[in-house]
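Quick mapping for you: the protein sequence lines, in order, are chains A and B. Position 123, counted from 1, in the first sequence is what our numbering calls 123; the numbers after and before it change by one each time, with no gaps. Position 134, counted from 1, in the second sequence is what our numbering calls 134; the numbers after and before it change by one each time, with no gaps.
There may be inaccurate statements among the hints.
Below, a sample of chain A positions facing chain B; criterion: calculated Cβ distance under 10 Å [what the hints assert, rightly or not]: (1) S10; (2) E11; (3) A13; (4) A121; (5) E129; (6) T131; (7) L132; (8) L142; (9) L143; (10) V148; (11) V213; (12) A216.
By construction, these hints were calculated from the structure, which means they are not laboratory data. Keep in mind the model is a prediction, meaning the values are calculated, not measured. Built from N, CA and C at the ideal position, the CB exists for glycine as well.
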Amino acid sequence: MIRDFGIVWSERALLLSGLANTAMLSTLSAIAALLLGFILTPLLMSKHGAVSGAARFFVDGMRCVPFLLFAYIVYYGFPSLGVRLDNWTSGLAALTIYNAAYMAEILRGAWVVQPREPIEAGVAFGFSETTLFRRIILPPLLLSAGPVIGNQMIQIIKDSAFLTIIALPELTHAASSIQSRHYVPFAAFITAVFLYWGLCLVIEAGVSSIGRVAEARR
Amino acid sequence: MAEFNKVLDVAGISKRFGDVEVLTDVSFQVDKGETICVLGPSGSGKSTLLRCINWLERPDAGQIYLKGERVGINSAGIVMSDRDLSLIRTRIGMVFQHFALWPHLTVLQNLMEAPVQVQRRPRTEVRDEALALLSKVGLSEKRDAFPAKLSSQCVQISCCSTNRPAHSIRNWSARCWLSCGISPAKG
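Required output: the full structure, derived from the provided sequences and hints.
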């Protein structure tokens, strides 16, 4: 067993590059998904039925599709529609679009329980719709939804493991190739598990610092 | 055109929520420098009246004129765009009844937010004015506190004042009126 971990150690460069790729994929798509969520959430809350209906259709649609299937559709299915993306672009796009739906729903949930008067005070002061959202509505949403957003970011990290099926050289892919090369499945996968855990600890640290900022304002 | 001499002219406002008729044909006028108090038990429609004046609530009937300019309906007779409504709302200050401070901003930031973000006034100038107002109401030492940590209405009144509306409508209790001592809005 010690020998198995020794073999994994000898392949550390591969694992670390997998870890770096997973971290990069997750970070980029988490940021992009959150930004897309900032656009989608006001659409979900729109007073125009057609707009909120379309946004609702997208969000509910995404939430009902298994991520693996969605990644297949983007990578293998989109070329039939004439959209041919390489595996990096497909992976990033799939992670981003899929999780944007969740981010939007998380923010919407936080929005509907916000007290009405501070937002109306913004309207009464003459804030335009976009400034109102950016300056008055969004910051308290981020503070109150921080832990749930952090949870979703952990979900993004875990979803990124599915991208091994489109040959993205991320952490699971690296662990998988080490085990197939040296036949050390337990050592390779357990090492990957701990590395994923490390990434999640970083997210949790971020969430608790948002929590402290929120606590000061509560 | 009598209404042009009035700062605010509320003419025949009615508002109902479902079966409940909250306001029935309410009319009054406010002259420059005049202060009007609307008193009544809770649920009698005072807040709804104030909310109708700046169109947070759309009145079912009647007209509101701010210095002769119709609020909520443009010259073509149709409902104003959100943008035009925002513009006219910047001229009407409003103090809310309950905790309407922005929870993520400090007291000082609350005071500066609307003048800087909506009226695009220079930050340093607004800051000086906000600090002066806070010192006037004896809240200088609370400038960096968050709203959740204080009783809020004095700050909101100050907010309304830094925003320099020409006219202000205030939804408050007598206790607060006595404790804050900011003069009614200029103009």
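Taking the hints in turn, this is what the structure says about them:
no. : hint : in the structure
1   : S10  : violated (50 Å)
2   : E11  : violated (47 Å)
3   : A13  : violated (44 Å)
4   : A121 : holds (4 Å)
5   : E129 : holds (6 Å)
6   : T131 : holds (6 Å)
7   : L132 : holds (9 Å)
8   : L142 : holds (9 Å)
9   : L143 : holds (6 Å)
10  : V148 : violated (17 Å)
11  : V213 : holds (9 Å)
12  : A216 : holds (6 Å)
Going through the hint list in order, the structure does not satisfy hints 1, 2, 3 and 10.
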